[in-house]
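Number of protein chains: 2
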Amino acid sequence: MNIMIAGLGLIGGSMTLALKTAGIQSDGFDREDVLSYALQENMIARAARDFMEYDVVFVALPPKAAVRFLTENSFKKGAVVADVCGVKGAIERAVSDKPRDYRYVGCHPMAGKEVSGIRNADASLFRGASMILVENDRTDPAAAETIAALSVSMGFGRVIRCDSDYHDAKIAYTSQLAHIVSNAYVKSPTADGYRGYTGGSFQDMTRIAGVDEKLWTDLFSANREKILYELRLLISELGEYERALSAGDDKALEALLRAGRLKKEELDRQKRL
Amino acid sequence: MNIMIAGLGLIGGSMTLALKTAGIQSDGFDREDVLSYALQENMIARAARDFMEYDVVFVALPPKAAVRFLTENSFKKGAVVADVCGVKGAIERAVSDKPRDYRYVGCHPMAGKEVSGIRNADASLFRGASMILVENDRTDPAAAETIAALSVSMGFGRVIRCDSDYHDAKIAYTSQLAHIVSNAYVKSPTADGYRGYTGGSFQDMTRIAGVDEKLWTDLFSANREKILYELRLLISELGEYERALSAGDDKALEALLRAGRLKKEELDRQKRL
Chain S
1 MNIMIAGLGL IGGSMTLALK TAGIQSDGFD REDVLSYALQ ENMIARAARD FMEYDVVFVA
61 LPPKAAVRFL TENSFKKGAV VADVCGVKGA IERAVSDKPR DYRYVGCHPM AGKEVSGIRN
121 ADASLFRGAS MILVENDRTD PAAAETIAAL SVSMGFGRVI RCDSDYHDAK IAYTSQLAHI
181 VSNAYVKSPT ADGYRGYTGG SFQDMTRIAG VDEKLWTDLF SANREKILYE LRLLISELGE
241 YERALSAGDD KALEALLRAG RLKKEELDRQ KRL
Chain Y
1 MNIMIAGLGL IGGSMTLALK TAGIQSDGFD REDVLSYALQ ENMIARAARD FMEYDVVFVA
61 LPPKAAVRFL TENSFKKGAV VADVCGVKGA IERAVSDKPR DYRYVGCHPM AGKEVSGIRN
121 ADASLFRGAS MILVENDRTD PAAAETIAAL SVSMGFGRVI RCDSDYHDAK IAYTSQLAHI
181 VSNAYVKSPT ADGYRGYTGG SFQDMTRIAG VDEKLWTDLF SANREKILYE LRLLISELGE
241 YERALSAGDD KALEALLRAG RLKKEELDRQ KRL
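If you're matching them up, the sequences are chains S and Y in order.
The first sequence: position 64 = 64 (the UniProt record's numbering), numbered continuously.
The second sequence: position 115 = 115 (the UniProt record's numbering), numbered continuously.
Derived by calculation from the structure, the hints in this document are not laboratory data.
Keep in mind it's a predicted model, so treat the numbers as computed, not measured.
Ideal Cβ positions, reconstructed from N, Cα and C, are used throughout, including at glycine.
Check each hint, because a few of them may be wrong.
Covered by chain S, according to a simulated footprint, are these stretches of chain Y (three or more residues, beta-carbon under 8 angstroms) [said to hold, decoys possible]:
no., region
1, 18 to 24
2, 34 to 42
3, 120 to 127
4, 163 to 171
5, 192 to 202
All chains, please: the whole structure from these sequences, using the hints.
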């Protein structure tokens with residue numbers, strides 16, 4: 001099985017390293033300087049030249065570049081081609097709009113770091129994490145199985161299956177909204193000189209504030225409606241606390257905090273199930 | 001030096017354990033059941049009966065209870081009495097409003113856990129953390145030095161000094177606002193079934209969501225204006241992202257994300273200094 005990984009950034013680079021750890025070689029495709037580094041570090045077997053050679057292709061590029069890569073190139077007939085973008089509906093629609101010979105599988109590795117690029121690639125990045133496989137009625141079961149099996153080889157702890165709509169709704173909330181909140185949170189002038197004035201809450205709240213603005217604008221713009229739904233909901237929730245505080249209504253404030261605590265406890269119970 | 005700790009919850013209990021680890025015994029004051037537990041576990045030397053016996057008193061109670069404790073009891077003349085509340089201006093004002101024989105020092109240990117109570121007390125809770133000492137022109141330097149020295153014995157990594165206004169402004173932002181955001185964040189219906197759909201961002205964002213609503217209402221209500229300032233600022237910042245997304249204005253969205261990333265990088269630089 002010939003495997004190629006297009007895009008050797010943090011995710012693609014970590015995939016090639018994780019596969020190598022499992023004894024599975026892959027070829028890589030990227031800019032010349034990235035390829036030189038990948039070859040020099042023995043991360044990839046070869047630089048991929050002819051995409052028609054590959055049975056499995058992982059596309060680890062940002063959304064717009066991934067769509068171009070998937071729709072402007074030809075692949076071996078029946079090849080399993082999987083993109084790893086953080087939004088799935090937009091990619092799925094773009095791929096479905098064009099006739100194709102390959103078997104498309106959308107996936108999303110639930111792992112990352114606050115740093116990017118091949119130099120931060122890490123063979124153990126996916127250890128224990130979820131791999132989400134996004135399926136629709138055109139998904140080939142054998143192709144999805146191939147990606148699931150390779151995911152296990154890469155160290156993923158479990159493989160979850162859902163459709164792109166469910167995926168995009170969950171991700172808008174668990175990841176995309178969190179990045180917006182974190183990015184907005186640091187902007188208060190009070191942040192300067194915060195050192196010493198935190199026990200960890202501030203660091204957790206702002207760990208992911210430093211987003212790559214081009215990549216994340218691309219991701220957000222491919223999932224606009226679902227992010228807007230969550231963002232408006234959160235702004236409206238925060239408005240409730242603002243009103244209770246501003247009215248000096250401690251009873252209302254306590255009720256708001258209690259509802260949040262109970263919800264958090266319910267989520268923690270779900271986690272333990 | 002006789003030391004008493006009033007309130008043997010997570011913070012007071014951890015203080016008595018941390019002092020004990022440093023070879024310093026303290027007596028405790030709390031409800032009978034808590035005292036029994038503390039005695040049985042050898043956390044305290046004795047249950048404190050007569051407050052006049054003590055040279056140093058730590059008041060580890062929620063704000064309203066701390067104010068009552070500080071203003072309704074008598075202490076040895078010249079005793080160092082320090083409260084550890086998360087808000088300082090309101091306590092300082094309440095203490096200053098009454099004539100007193102003791103030397104008051106406001107302090108705030110920058111450490112905590114998502115759990116509370118004596119059973120979660122931990123001798124190493126303060127290891128490497130900041131202890132904030134809040135000073136004003138009535139603060140006795142020798143009393144502040146006593147608390148600073150005991151803080152070092154408890155394992156604190158550094159002692160920071162500021163006035164209550166500065167403290168309350170910083171804490172409104174680094175801690176109190178973070179608890180509100182986290183508490184509000186979990187309320188989206190999308191949170192149900194989040195398992196598998198996160199790589200850690202969601203967990204970090206919501207780690208502190210499960211606040212004790214009575215304690216935190218008490219804390220918030222003692223620092224209302226400063227929290228309102230930060231909360232309104234954040235709601236207004238989030239509104240900017242909402243407008244950019246809703247207008248499909250990717251340029252504006254990218255500029256917002258870029259500003260947040262640059263600010264985060266600046267804060268990380270401050271941290272390294």
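Now the hints, each set against the structure:
no.: 1; hint: 18 to 24; in the structure: violated (count 0)
no.: 2; hint: 34 to 42; in the structure: violated (count 0)
no.: 3; hint: 120 to 127; in the structure: violated (count 0)
no.: 4; hint: 163 to 171; in the structure: holds (count 4)
no.: 5; hint: 192 to 202; in the structure: holds (count 11)
Hint check: violations occur at hints 1, 2, 3; the rest are consistent with the structure.
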